[in-house]
Amino acid sequence: MVSSNEYGSHTWDLLLTVDHQHEGVEKEIPLQVTGDLHVGGLMLKLVEQIKIAQDWSDYAFWWEQKKCWLLKTHWTLDKCGVQADAKLIFTTQHKMLRLRLPNMKTVRLKVSFSSMVFKAVSDICKMLNIRRPEELSLLKQSEGTLKKKKKKDKNSKEPVTEDVLNLCNSPVSSGLPANPGLYSKTMTPIYDPVSGSPASSTKTWFSDGSTAEQSCSILALSHPTCSPEMLAEMYQPRTLADKAKLNAGWLDSSRSLMEQDVQEEDQLLLRFKYYTFFDLNPKYDAVRINQIYEQARWAILLEEIDCTEEEMLIFAALQAYHVSKLSLSSETQDSTCESEVDEVEAALSNLEVTLEGGNKSNILEDITDIPKLADNLKLVRPKKLALKAIKTYWFVFRDTSISYFKNKESAQGEPVEKLNLKGCEVVPDVNVAAKKFGIKLLIPVADGMNEVYLRCDNEDQYARWMAACVLASKGRTMADSSYQPEVQKILSFLQMKNWTMCSQAASEPENVDMKPECFVSPRYTKKFKSKQLTARILEAHQNVSQMSLVEAKLRFIQAWQSLPEFGLSYYIVRFKGSKKDDVLGVSYNRLIRIDMATGDPITTWRFSNMKQWNVNWEIRQVAIEFDQNVSIAFTCLSADCKIIHEYIGGYIFLSTRSKDHNETLDEELFHKLTGGQE
1 MVSSNEYGSH TWDLLLTVDH QHEGVEKEIP LQVTGDLHVG GLMLKLVEQI
51 KIAQDWSDYA FWWEQKKCWL LKTHWTLDKC GVQADAKLIF TTQHKMLRLR
101 LPNMKTVRLK VSFSSMVFKA VSDICKMLNI RRPEELSLLK QSEGTLKKKK
151 KKDKNSKEPV TEDVLNLCNS PVSSGLPANP GLYSKTMTPI YDPVSGSPAS
201 STKTWFSDGS TAEQSCSILA LSHPTCSPEM LAEMYQPRTL ADKAKLNAGW
251 LDSSRSLMEQ DVQEEDQLLL RFKYYTFFDL NPKYDAVRIN QIYEQARWAI
301 LLEEIDCTEE EMLIFAALQA YHVSKLSLSS ETQDSTCESE VDEVEAALSN
351 LEVTLEGGNK SNILEDITDI PKLADNLKLV RPKKLALKAI KTYWFVFRDT
401 SISYFKNKES AQGEPVEKLN LKGCEVVPDV NVAAKKFGIK LLIPVADGMN
451 EVYLRCDNED QYARWMAACV LASKGRTMAD SSYQPEVQKI LSFLQMKNWT
501 MCSQAASEPE NVDMKPECFV SPRYTKKFKS KQLTARILEA HQNVSQMSLV
551 EAKLRFIQAW QSLPEFGLSY YIVRFKGSKK DDVLGVSYNR LIRIDMATGD
601 PITTWRFSNM KQWNVNWEIR QVAIEFDQNV SIAFTCLSAD CKIIHEYIGG
651 YIFLSTRSKD HNETLDEELF HKLTGGQE
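Quick note: the sequence shown, position 80, residue 80 per UniProt numbering, numbers continuous.
Check the hints yourself; a few may be wrong.
[Unchecked claim] For lysine-lysine, the following DSBU-like pairs were computed, each having C-alpha atoms within a straight-line distance of at most 30 Å:
{"no.": "1", "residue 1": "66", "residue 2": "51"}
{"no.": "2", "residue 1": "245", "residue 2": "66"}
{"no.": "3", "residue 1": "51", "residue 2": "87"}
{"no.": "4", "residue 1": "526", "residue 2": "422"}
{"no.": "5", "residue 1": "527", "residue 2": "474"}
{"no.": "6", "residue 1": "440", "residue 2": "406"}
{"no.": "7", "residue 1": "440", "residue 2": "515"}
{"no.": "8", "residue 1": "526", "residue 2": "105"}
{"no.": "9", "residue 1": "526", "residue 2": "372"}
{"no.": "10", "residue 1": "66", "residue 2": "576"}
{"no.": "11", "residue 1": "105", "residue 2": "245"}
{"no.": "12", "residue 1": "140", "residue 2": "87"}
It should be emphasised that the hints constitute simulated quantities derived from the structure, not laboratory data.
Quick caveat, the model's predicted, so the values are computed rather than measured.
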């Protein structure tokens, strides 16, 4: 006979594993539980059984088989679905993680392995003093990008020791609340806006003593670049397919690190994922500006983004003779010294960069009178037999369209052709030394892209027309407040390119202590001899020699943003109905279908014309609907389709930001736009 107590009992055995460091104490502990026991009660029962006096507040249950955390402590085991065969591990939620920053330095810090990656990145950025954490994310380096490095490592006899900065004692890493003062617009500036060196109060953010200075220095200041040998060992993408590998490893922002197989002491890359750098301010953003600059620098050195020879020399000049030398000199100076208030304010008014590309004019414009441009320009149309027909026409730019006429007198009649630039691709075709100022327009048509080349006579004309084309492609007119700043930005970039040969630099390059191979990509190292490169970099340097350290970095970032391929993340996809693979470029405002063999853009779709997008999680297909009954669908071959879905939602989320003083993020909206329903 079975007693009534035993008959009515629903208890069962559950084997729990405790992740602790105490020797001589069992790690596997069996408990008798019931299905109506809640998770918090199970924790209490387990801790009482262990009988070890320590702080268990950071511990939670990790369900090994289902790869999920049991964080809702009020849920019962039945509601969670936990049965006798469940393998539950009682482990810490915060664990040590190594992060490779954009400047290639590695930091070691304690991160939440149970929070969603979006929240974890936000906490990491507080530790590193980087504002606008929504622009960054964590990236797992894909196997393809490590192959070259591994082959080299096999041949090297000595193990490579990496200098790791340990930040495990910072306030956020220790579980303490972050100091809100660092994110307040009303507080004293925490960085010198000219040199970028941290103010004395900022050092207390990291820790006490020399570690604080080292932390500030490594994160906010640039350091001497790597050797050409080290550069040669790093992964350099040669094709669009290679570039697609770089973007395959982005972590899912809506899941935790542990759910994505990240283990304690693993190394991940912290990178700017979204190329919309909002409200850059030298007073608060020395670390952020430096890390954006470093990400841009390495993208150019490793040829992740293409640029012309002229542009490469500008980038080299800004690195070689400005940023590197000024960074070294800033380290030797007393970083607590303060500039005169007037000078700081003057510098800030020149240096502050906004999303629109510059400060808005205070002059009220008559928005009813939309400006127009009218000029004689050369029209270049590519012919099939590799010949180009060049002819001068009278061009009129009004609203977002260009019309051209045979001459100025016939401008009152019908145009030869009218080009609507909304949604087109605008590509600069400039060589300042050769006095070539061209604008390449790729205008969407039913069967692909229509190519049109415009040739301008001089820099001023080019800047005005180029700025108008860029705005028109986004659906904006010249009445927009960002038109004049865009013109000035283009002119300043052209001015940097327009250097004159310095006789002393040309005749005595050997007197200068520099390794030019460290400042240009390997392609140009092979093309020129070392002395030639040194002389040409010194030529280019004449136009940037008067800049301050922060201004040089901001100019570098601006020049990077001016490159045609800036902000494009590539993925290999197969469009519905297509028999071949294509490359999809994802940017902050558009998607571009690119021919994988030629690299030519086929079609562009703007986010501003997008009505809705969704994912069929069963067949992993992304479907997007645009205005005018245009719809596309594709499957992603080089990465999970969730990554592209998150990119689209992420860019739409970033477009909703505003300059509020609290800089609070609507995390719920982000997950609604990017999370998906798998």
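Results of checking the hints against the structure:
Proximity of residue 66 to residue 51 is assessed by CA-CA distance (about 29 Å); at most 30 Å being required, the pair is judged to hold. A distance of roughly 29 Å separates the Cα atoms of residue 245 and residue 66; the hinted pair therefore holds under the 30 Å criterion. With a CA separation close to 21 Å, the supplied pair residue 51 and residue 87 stays within the 30 Å bound. For the hint linking residue 526 to residue 422, the alpha-carbon distance of about 41 Å lies beyond 30 Å, and the restraint is violated.
Note on residue 527 and residue 474: the hinted pairing is violated, with a Cα-Cα distance of about 38 Å set against a maximum of 30 Å. Simply put, residue 440 and residue 406 have alpha-carbon atoms about 21 Å apart, close enough for the 30 Å limit, and the pair holds. A hinted pair counts as satisfied when its Cα atoms are at most 30 Å apart, and residue 440 with residue 515 does not qualify at roughly 35 Å. Restraint check: the Cα-Cα separation between residue 526 and residue 105 comes to about 28 Å, which is no more than 30 Å; the hinted pair holds.
Distance check on the hinted pair: residue 526 and residue 372 sit about 46 Å apart at the alpha-carbon level, beyond 30 Å; violated. Restraint check: the Cα-Cα separation between residue 66 and residue 576 comes to about 33 Å, which exceeds 30 Å; the hinted pair is violated. Between residue 105 and residue 245 the alpha-carbon distance is near 22 Å, which keeps this suggested pair within the 30 Å criterion. Restraint check for residue 140 and residue 87: satisfied, since their Cα atoms lie roughly 27 Å apart, inside the 30 Å limit.
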